[in-house]
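Read left to right, the sequence shown gives residues 0 to 336 (numbering that gives the first Met the number 0).
Source of the hints: derived by calculation from the structure; they are not laboratory data.
Values in this document were obtained by computation on a predicted structure and should not be read as measured data.
Ideal Cβ positions, reconstructed from N, Cα and C, are used throughout, including at glycine.
Hints are supplied without guarantee of correctness; some may be wrong.
[Unchecked claim] Label pairs and their calculated CB-CB ranges: (1) D69 <-> M13: 44 to 50 Å; (2) D300 <-> R121: 41 to 47 Å; (3) R121 <-> G12: 49 to 55 Å; (4) A64 <-> D167: 18 to 24 Å; (5) T282 <-> M0: 23 to 29 Å; (6) D69 <-> Q1: 39 to 45 Å.
[To be verified] Below are the DSS-like pairs computed for lysine-lysine, each with C-alpha atoms no more than 30 Å apart in a straight line: (7) K246 <-> K295; (8) K313 <-> K269; (9) K114 <-> K313; (10) K114 <-> K295; (11) K70 <-> K269; (12) K70 <-> K114; (13) K295 <-> K269.
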Amino acid sequence: MQNPVLVEVTRGGMVESRHRGMAAVIDGDGRVVMALGEVATPVFPRSAVKSMQALPLVETGAADAYGFGDKELALACSSHSGEPEHIALAGEMAGRAGLGEPDFECGCHWSSEQKVLIAQARAGDKPNQLGNNCSGKHAGFLCLSCHAGVDHHGYSNYDHFVQSSIRDVMGDLTGASLGHDNCGTDGCSIPTYAAPLDRVARGFARMASGVGIGPERANAAKRLVSACMAEPFYVAGTRRACTELMKLAPGRIFAKTGAEGVFCAAIPEKGYGIALKCEDGSTRGAEAMVGAVLAKLFEDDCELASKLGDWSTKTLKNWNRIEVGQIRPAGELHIVQ
Numbered sequence: 000m001q002n003p004v005l006v007e008v009t010r011g012g013m014v015e016s017r018h019r020g021m022a023a024v025i026d027g028d029g030r031v032v033m034a035l036g037e038v039a040t041p042v043f044p045r046s047a048v049k050s051m052q053a054l055p056l057v058e059t060g061a062a063d064a065y066g067f068g069d070k071e072l073a074l075a076c077s078s079h080s081g082e083p084e085h086i087a088l089a090g091e092m093a094g095r096a097g098l099g100e101p102d103f104e105c106g107c108h109w110s111s112e113q114k115v116l117i118a119q120a121r122a123g124d125k126p127n128q129l130g131n132n133c134s135g136k137h138a139g140f141l142c143l144s145c146h147a148g149v150d151h152h153g154y155s156n157y158d159h160f161v162q163s164s165i166r167d168v169m170g171d172l173t174g175a176s177l178g179h180d181n182c183g184t185d186g187c188s189i190p191t192y193a194a195p196l197d198r199v200a201r202g203f204a205r206m207a208s209g210v211g212i213g214p215e216r217a218n219a220a221k222r223l224v225s226a227c228m229a230e231p232f233y234v235a236g237t238r239r240a241c242t243e244l245m246k247l248a249p250g251r252i253f254a255k256t257g258a259e260g261v262f263c264a265a266i267p268e269k270g271y272g273i274a275l276k277c278e279d280g281s282t283r284g285a286e287a288m289v290g291a292v293l294a295k296l297f298e299d300d301c302e303l304a305s306k307l308g309d310w311s312t313k314t315l316k317n318w319n320r321i322e323v324g325q326i327r328p329a330g331e332l333h334i335v336q
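Based on the provided sequences and hints, a complete structural model is requested.
Here it is in structure tokens:
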């Protein structure tokens, strides 16, 4: 079976490009709310599952020991843009455990926010690990390790306490078997596991509803999801999709992107978990898909559904700012506007 076309890119009134994809929406009891395409296909969810990876930080008491509030917890779940606020907070988080930039194992890259990048270049700055989009997550890993009394060196390795803890949590949430056979290495050097897309959605349904997991894990999940919704800038950054989606419906939508066209989300009030992938790895396709899926799930709220539908359709302009086409949901995700 071929995955359906879920996004179209138009030019001059004609379809120029198409994106195929798959999307799964699961409720807290494990029931399928929506399934488009081959949702049992294993995918690497990459950074979309950072909130799952942050659960041991909360469950072990490390977050409380280091005085982490909503901003810190949101950054621990983030793929941030490397803006000054993100960089400063990541350093402060590690500093509470007596550690600094050299202790991170995520690698260096420039800011993805153009204005910040230009300022960095003009100042002659050199990128460091605090500016890595995963530095908030890694700050959380360092704090988890120190709080547990475990040597933090090599915390990104498969057999380290930090990664073993994450593997156990993710296996419990998704019900998927995670190990060497389905393990790859993520961009920030930690293990990443391929799991069936619908199982990833199931994991987020459990985080959103608390169903099927113990009370301690349910409370930790609620705390992380709530922190991200309360501080969406620290989950991503200026004009970023995750931030903008959560700002559209404060306290009602949790959203987190991943590399290679993955997007995950949760709707706490409905207990829904969402996982999708644009088959060709396109970010533009994944963003249109998640906006459209959310719009359909909020059809009972006409105002919010309309906002989400508008957000999922992007107008394309050329360098002279002339409108030339659209990126729009298609097929079963088509939205009548």
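Status of each hint after checking the structure:
The given range of 44 to 50 Å is respected by D69 and M13, whose C-beta atoms sit roughly 46 Å from each other. As the Cβ distance of D300 to R121 is approximately 45 Å, the hint placing it in 41 to 47 Å holds. A hinted range of 49 to 55 Å for the beta carbons of R121 and G12 is inconsistent with their spacing of about 42 Å. The given range of 18 to 24 Å is respected by A64 and D167, whose C-beta atoms sit roughly 21 Å from each other.
Taken as a hint, the range 23 to 29 Å holds for the pair T282 and M0, whose Cβ atoms sit roughly 25 Å apart. Distance hint check: the CB atoms of D69 and Q1 are about 43 Å apart, consistent with the given range 39 to 45 Å. Only pairs whose Cα atoms come within 30 Å are accepted, and K246 paired with K295 is accepted, the gap being roughly 18 Å. At roughly 27 Å between alpha-carbon atoms, K313 and K269 fall within 30 Å of each other, so this suggested pair holds.
The straight-line distance between the Cα atoms of K114 and K313 is roughly 22 Å, inside the 30 Å bound, and the hint therefore holds. Only pairs whose Cα atoms come within 30 Å are accepted, and K114 paired with K295 is rejected, the gap being roughly 35 Å. Taken as a hint, the K70 and K269 pair is honoured in the structure, with Cα atoms around 25 Å apart against an allowance of 30 Å. Of the pairs offered as hints, the one joining K70 and K114 holds, with about 23 Å between alpha carbons and a cut-off of 30 Å not exceeded.
A hinted pair counts as satisfied when its Cα atoms are at most 30 Å apart, and K295 with K269 qualifies at roughly 13 Å.
Checked against the numbered hints given earlier, this structure breaks hints 3, 10; the rest are met.
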